[in-house]
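S.K.: Those protein sequences? They're chains V and E, same order as listed.
Per my numbering, the first sequence starts with residue 1, numbered consecutively.
Per my numbering, the second sequence starts with residue 1, numbered consecutively.
By construction, these hints were calculated from the structure, which means they are not laboratory data.
Where hints are given, some of them may not hold.
[Unchecked claim] One side only, chain V facing chain E, incomplete, derived with CB under 10 Å:
hint, residue
1, TYR15
2, TYR19
3, LEU133
[Unchecked claim] Interface residues of chain E toward chain V, partial, derived using beta-carbon atoms under 7 Å:
hint, residue
4, LEU54
5, GLY55
6, PRO57
7, PRO67
8, ASN71
9, VAL96
10, LEU97
11, MET99
12, LEU101
A quick note: this is a predicted structure, and the numbers were derived from the prediction, not measured.
Ideal placement from N, C-alpha and C gives every residue a C-beta, glycine not left out.
Listed below, chain by chain, are the residues.
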Amino acid sequence: MALVKRSLNGDQIAYTDLYEAFAPDVYRLAYSVLLHKQDAEDVVQEVFVYVFRNLARYDPNRGAFRTWLYTITISRCRNARRRKRLPMVALSEMLANGMDPPAPESENPELSSMRSAAHQLLGEALKSLSPRLREAIALRYGQGLIYREMADVLNVPPKTAESRVRLAHQALRKVMDEANVAPLLEEVLG
Amino acid sequence: MDAREQLLAYLEGTLSRKERQQVLTRLQSSPEWQRELEALRGVQMQLRTEMRLLGRPERGQLEALLPDILNQAARGKPGCSPRWSGLPTFVLVSGVLIMILLAPLVLHTSAVDAVGNWQPNVPESTPTLSLHDENTIEGQLVALEAVATEEPSRLHVQLVTDRGGSIPLRQASPISARWEASPVPMPGATAEPSREVPRWR
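Full structure from sequences and hints, please.
M.R.: So this is what it looks like as structure tokens:
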């Protein structure tokens with residue numbers, strides 16, 4: 001919160017520091033929800049322009065700065081979705097944007113191939129989720145929020161946040177089961 | 001809650017102590033539940049791992065957006081609204097209140113010269129109501145002046161500051177309502193025709 005205070009006191013460097021500290025998480029959240037690089041960048045831009053203009057409106061008594069930031073991010077993601085409807089994402093683009101982390105150098109080609117297949121499958125499974133469920137999964141597992149924090153961000157009761165994660169979990173599990181991915185995952189996670 | 005829901009809630013840590021104990025008891029006796037728990041745990045681990053990697057920005061990707069963000073944010077900073085940004089709320093509220101108070105009267109707009117001198121352009125026989133109020137705001141004296149005339153029906157309101165400027169807040173068009181009752185003198189107002197030019201200091 002020191003960064004917020006410094007920014008409010010007119011420290012220009014603090015704005016940059018604030019951006020560097022939070023922009024990667026905002027981008028990851030936006031990308032996880034929108035599954036589109038350019039749209040996620042646009043959201044980052046909109047979020048931080050809004051935040052810098054309205055920093056004085058942030059009330060620490062109402063929640064953590066990160067929660068406020070994510071609330072704005074989710075709102076902007078929904079706007080972006082409304083603007084253009086979620087486009088179908090080329091799997092190659094998804095993989096190029098972080099779905100496929102580089103395999104350890106020591107990993108053998110067979111395991112590397114299985115890892116890649118598992119990532120692809122998860123990507124496909126994520127695409128099959130509704131936007132609301134993808135938001136829930138992105139906040140819970142992508143950002144590590146607890147259900148109470150998720151409820152604040154999504155403006156729903158904690159039980160609703162929990163049930164969205166559960167539904168998303170079930171949907172993802174179903175896709176993975178259908179693809180018989182369990183052995184693959186066991187091997188990769190091993 | 002079915003078995004899968006209970007097990008996921010168990011993994012997510014959202015069960016009550018009693019529910020948790022029930023699940024643990026069931027797990028000890030049911031290989032089916034144990035298999036299901038392991039499967040759910042696998043998906044959960046996969047999600048935790050992959051979702052944290054999903055959408056990692058490339059090097060320099062977000063930094064490139066920053067200059068534009070800072071420019072846009074600076075352009076839209078509050079406090080730059082064009083005309084009334086410097087006016088204290090008191091002045092604006094007073095102006096609106098006076099306009100409302102005088103609205104039932106029959107009104108007339110008078111001319112104001114460039115330095116804020118009050119020069120009612122009113123025939124001598126026309127009844128006029130004038131009002132003058134002042135206040136000190138941030139060390140600056142601000143006066144609110146209003147003149148209402150019956151014939152023609154106009155209201156003129158202006159703000160004058162002791163730094164020589166004036167801001168006309170005019171109700172230029174005639175107001176249709178006519179004043180029938182006798183005027184009740186308001187503080188600082190006179191019901192007599194005001195032919196004397198109220199000057200700012």
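S.K.: Does each hint hold? Answer for all of them.
M.R.: Right, here's what the structure says about each hint:
1. TYR15: 7 Å, holds
2. TYR19: Since the shortest Cβ distance to chain E is 6 Å, the answer is holds.
3. LEU133: Since the shortest Cβ distance to chain E is 12 Å, the answer is violated.
4. LEU54: Hint holds; LEU54 (chain E) Cβ to chain V Cβ min 5 Å, cut 7 Å.
5. GLY55: Cβ of GLY55 (chain E) sits 3 Å from chain V, so the hint holds.
6. PRO57: 5 Å, holds
7. PRO67: 10 Å, violated
8. ASN71: 9 Å, violated
9. VAL96: 27 Å, violated
10. LEU97: The hint is violated - LEU97 (chain E) has no Cβ within 7 Å of chain V, the shortest such distance being about 29 Å.
11. MET99: 32 Å, violated
12. LEU101: Violated: closest Cβ of chain V sits about 35 Å from LEU101 (chain E), beyond 7 Å.
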